[in-house]
Amino acid sequence: MATAPETRLQQLGITLPVPAAAVANYVPTVQTGSLLFVSGQLPMEDGKPVVLGRLGDTVSLEDGVRAARLCALNLLAQARAACRGDLGRVRRLVRMTAYVAGTPDFVDQPKVVNGASDLMVQVLGEAGRHARVAVGVASLPLNVAVEIEAVFEVA
Amino acid sequence: MATAPETRLQQLGITLPVPAAAVANYVPTVQTGSLLFVSGQLPMEDGKPVVLGRLGDTVSLEDGVRAARLCALNLLAQARAACRGDLGRVRRLVRMTAYVAGTPDFVDQPKVVNGASDLMVQVLGEAGRHARVAVGVASLPLNVAVEIEAVFEVA
Amino acid sequence: MATAPETRLQQLGITLPVPAAAVANYVPTVQTGSLLFVSGQLPMEDGKPVVLGRLGDTVSLEDGVRAARLCALNLLAQARAACRGDLGRVRRLVRMTAYVAGTPDFVDQPKVVNGASDLMVQVLGEAGRHARVAVGVASLPLNVAVEIEAVFEVA
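Residue numbers (the working numbering), protein chains in the order written: chain A, 1 to 155; chain B, 1 to 155; chain C, 1 to 155.
Simulated from the structure, these hints should not be mistaken for laboratory data.
The reader is advised that the hints may include incorrect statements.
Since the list can't tell identical chains apart, any single copy or any two copies may satisfy a pair.
Using 20 Å as the maximum straight-line C-alpha spacing, the simulated SDA-like pairs for lysine to any residue come out as follows [to be verified]:
#, residue 1, residue 2
1, K48, D108
2, K111, L52
3, K48, T15
Can you make the complete structure from the sequences, with help from the hints?
Set out below in structure tokens:
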């Protein structure tokens with residue numbers, strides 16, 4: 001029987017992306033004890049970074065929210081791979097740290113990051129409610145608008 | 001009998017703020033094992049964000065220090081709420097990551113963040129000595145000058 | 001007999017720097033359970049910060065890579081001090097978060113941070129493969145180009 005998160009993904013019509021391989025001397029996830037640390041994920045779609053640029057400049061709030069949601073999907077894809085294919089092994093999303101590329105006058109990072117927080121709760125239910133950090137940064141790898149890292153508790 | 005941190009708060013004449021509720025699909029704190037992850041806290045005073053703007057621009061070093069201290073007070077308020085009202089359950093402040101909004105030429109982040117580190121040691125004693133990360137960022141939520149997240153070890 | 005990481009350091013001809021003391025109310029490392037949190041390390045060489053400025057401005061990619069490598073050496077120096085002089089007690093580098101000071105149009109943070117990731121694998125072997133976060137920030141303490149914090153699992 002499918003576990004609750006896998007069932008919710010189906011009901012939401014969400015297919016998680018193929019988890020991106022790390023392209024250097026690091027790895028997508030490291031588990032230590034029951035904590036799973038996931039590398040910073042970018043808004044990858046079909047293997048390509050999307051939503052390029054900065055909030056307050058060429059990227060709209062709506063596109064920022066979409067970028068954050070894509071980061072969350074990629075975080076879930078990495079967590080699932082680390083959990084041998086079953087998100088049911090995730091006990092809790094502990095914390096997400098979200099970096100939003102923006103101009104110095106852009107201060108709506110929380111609205112952007114809600115795109116990721118909402119997705120996590122949709123898929124993981126109560127276990128998806130997490131501690132959160134949202135900050136604005138000058139720029140991000142590959143010129144993406146949002147990058148998010150996460151710590152999960154896993155069984 | 002009041003535990004040491006609660007006694008110190010009284011002696012310092014400090015009343016911790018009412019811990020801010022999370023305003024979206026996240027929570028102020030998540031405990032996993034003995035680790036308590038606290039969401040990024042802003043310099044909230046009487047429920048309102050204060051010390052707006054950026055270091056190196058309109059915010060003075062002195063005001064930056066004050067903002068960092070306010071972030072620390074809010075971190076302690078969240079930790080106390082998670083510890084059912086008693087900071088005596090905090091075994092150790094493990095790490096703080098402090099984000100200081102500033103102009104590209106502002107490089108005195110450590111002086112700013114000392115406002116938080118000093119407060120933590122005043123209230124928690126030796127248990128308040130922590131690992132620390134201080135960085136400068138382009139901008140922060142609600143235009144505040146400082147945001148700090150923390151990990152505590154709790155009993 | 002020297003443990004594997006200490007032997008590799010010798011073979012690579014690397015002498016770790018003297019770990020920098022924290023200059024305020026914080027400490028270089030805090031261990032909680034088997035997790036060792038290391039404070040953000042700067043590219044210190046002979047006790048002085050080097051590689052000053054920002055990527056995309058006065059700091060070349062090559063110098064950025066060198067700065068990241070120096071941060072990693074200082075992280076290892078702190079970890080070794082926390083492990084009573086023997087990096088053999090490090091079971092795993094769990095995660096590094098790397099902050100790269102840069103102009104808004106600099107988006108090659110991953111190439112910069114590879115300088116740290118590669119060093120970690122050279123010294124720690126498979127145990128050096130870590131989860132990673134790389135972001136671009138406006139500015140860093142003492143005007144350095146790179147700052148990196150880390151979490152290790154230790155025996």
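Hint numbers the structure violates, sorted upward? No hint contradicted; all consistent.
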